[in-house]
Amino acid sequence: MKRRDFIIKSINAGIFTGAALSFGGYGKIFANTVHSSLPYDLVAVRDGEPDMMLDKALKAMGGIQNFVKKGQTVVVKPNIGWDVSPERAADTNPLLINRIITHCFTAGAKEVYVFDNTCDKWSACYKNSGIEKAAKDAGAKVVPGHSESYYQRVDIPKGKNLKQAKVHELILNSDVFINVPVLKNHGSARITVAMKNLMGIVWDRRYWHRNNLNQCIADFATYRKPDLNIIDAYNVMTKNGPRGISTADLIKMKYLIVSDDMVAADAAAAKVFGIEPEEAKYIPMANQLGVGQMDLTKLNINRIRV
Amino acid sequence: MKLAALKKVRVVFSILYFLSIFTLFIDFTQLIPEKIYDSLLFFQFIPSLLSFINGFAIAATGFLLILVLTIIFGRVYCSFICPLGILQDIFSYLSKKIQRLKRYRYVYIKPFRWIRYSFLGIGILGILTGITVIVSFLDPYSIFGRISSGLIRPLFVKGNNILTAIFQKFDIYTFYIVDLKPLQWSVIFVSVFFLLLILSFSVFKGRLYCNTICPVGTFLGLFSKFSWFKIKIDKNTCTSCRLCERVCKAGCINIASQEVEYDRCVNCFNCLTVCPVNSVQYIPATKTKNVRETKKNKSKQNNRRQFFALLALIFTARKTRSQTIEVSNTATFPAKRKVAVSPPGSVSIDDFNSACTACHLCVSACPTHVLQPAYTDYGFIGFMQPVLDNHTGFCNFDCIKCGEVCPTGAIDLLELDKKRQTQIGIAQFVKQNCIVETEGTDCGACAEHCPTKAVRMVPYQDNLVIPEVTDNICIGCGACEYACPTTPYKAIYVEGNAIHQIAQKPEEEQQKKVVEDDFPF
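Chains as they are written, first to last, in my numbering: chain A, 1 to 306; chain B, 1001 to 1521.
Honestly, I wouldn't trust all of these hints.
Here are the simulated lysine-lysine pairs, BS3-like style, with alpha carbons at most 30 Å apart [to be verified]:
1. Lys-1169(B) x Lys-69(A)
2. Lys-1181(B) x Lys-163(A)
3. Lys-1008(B) x Lys-1110(B)
4. Lys-127(A) x Lys-1110(B)
5. Lys-133(A) x Lys-1401(B)
Hints listed in this document are in silico derivations from the structure and should not be mistaken for laboratory results.
In isolation and in its complexed conformation, chain A is listed as follows (with noise of 0.2 Å):
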């Protein structure tokens, strides 16, 4: 053995060996930790700027550290899916974003993360979407997922079509999962809202649109909860989603909603919407698989309107 490629070894060996360690952590994420001491299923707020109705969200909810403890690790999913500025309200609003990040440090997180597999090329989403500046801007990482090297194969014991998917090694890693969808119409499953948006945290894509678009969704929903959804509805596209022409595609309803149940929070968005949860096939679906309450009637929720 040459003396370079020795080192080469020992290094790839020691990265290796550092990474197995980190690996470690992933039964306890699996755990799904039921929050029995949230106050209600579901808070949705109306009338009010995107920050600041979160603020009372979290506050109906006891606070961000129901969710966050002192030095976790913390990933922040928005939806960056597209190359298009703020007010077209394709992607989340970078101004929640920052908001949720400046509430994870506050209850003392020791890293957020935020990231989002695009659809459109990743570097133009994350400037142009405002998204990277606002995570940056309260102390976050902004990381990439546009390489499936950041990717790693998971099974979905649960799932009926989808059994098998590859995961972003943030979601595997990190303490607390933080879901943060933006409410719009989708041309095939209806509407995207929590459980569409976890689409952006697996590397194929295609796989599940070959597949029965509308159960892999659910399938994937069985696989990992996220601790926290919060559920961007102040700008709503009504039409042309997911990726809109222009800001006549948007209805200005200013909601938020926030819920650990991801079936609860996307039958609310439905209603907020206009349809009824049935009519998002996957949410029916995901009900079935036990994933979550559509039955919204069966929830204690808690209405403010600001």
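With chain A held as given, fit chain B onto it using these hints.
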């Protein structure tokens, strides 16, 4: 200033300029502003000439300035500005270090005029007929571009990726991984061939390539022959020690006759640094005897006349052509692209084919990597020229990078608004291949990605939705084709527009705001 300092000036200038251009081709961060591309590439001879011919006269006079410089100073272009020439100098220099070849290793080389003028003729023919692929093979700047973009850039990207992976383990995400797209082997083969050719020529014979094959070198040689400033050997003081001949990369100093053959001299100024008796001078022609000048003036005028005649020919006699091709494989329902998709701003495939020298600067700069070197997509006429490959990416709606960087005018710089309406092709839906049809499940990946909603989902049987294309608002960006998940063939693909069209703007319909006053749950 001592004349020997000229060599130092040449070395410093050429290295800085070389590194700058090299950086343009290597850059994978897309952070270099448009202006830098423009100013750095302004003096590249063939791109500037083609750009001039293609009608951007004011912005593209770089080649005229080069001609003026050549008439005054000789072939300074070859030693100061041509990246391929500088690359050869670098190879020569390194070979001296590595192989311990002697510095004084060159000898006078006979001119090979037949070969030179044949290649020049072929090059001019290529420009006149609009069969630019010939020029692509011969233009030194484009050869350099392809070597940098196709062979060297991937090494930088791999290096970046290894470093990024290491940093990532330490939780540093400042750098990011850059994905490499599959290589077009035929194009790589051409680049490797030229790299080896140039490497071997430069290591053993200095600038032999520039004085046998390169049509730009030969063309400029027609002018440098009569340049005002020249290398002169003072026959009264010369001791015929041959040191100058031995350092002459161009092999153009014939010490037997104590003459320099100016059409091959590349103005490297090496000879100025070695003459022990200062017999080698770089001086204006006016300082020499007048007897020979009158004779030469005549031929100079002749030459000028020939040049203008040539320019006139170029403007009038350009001919273009195109060819249709089949892109996809053949099986169940293969999507066949009859016409390739050329970059937005290329106006038409004919225009593009006749103006692009395949330097691959746009291939390097394209953020989505949809631009890839063509194999037979355009037919042989467009071999190696960039083509939109919707399997590697799609044309970003809000991007005009290729137009910004293109030095030949093959890709016009469009206003962003105009680009968003430039229809480079039209999406074709192949229902037989579509998931909704074959599997009976929802999909909609194509409509999801469409920036104009030319592809949208409409009601279909069993409570499903299926894609439908509105031709007149489709711009052919290929987002639908890229996103389409069907294998091995796509259920939606872009058919190129041989002549680019203007698409309609999608309608923006204002909606009535109906937000219920109460919570809906």
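For each hint, the structure was consulted:
With a CA separation close to 24 Å, the supplied pair Lys-1169(B) and Lys-69(A) stays within the 30 Å bound. Restraint check for Lys-1181(B) and Lys-163(A): the C-alpha separation of about 28 Å stays at or below 30 Å, so the hint holds. For the proposed pair Lys-1008(B) and Lys-1110(B), the alpha carbon gap of about 28 Å is at most 30 Å, so the pair holds. Using a Cα cut-off of 30 Å, the hinted pair Lys-127(A) and Lys-1110(B) is violated, with the two alpha carbons roughly 59 Å apart.
Using a Cα cut-off of 30 Å, the hinted pair Lys-133(A) and Lys-1401(B) holds, with the two alpha carbons roughly 23 Å apart.
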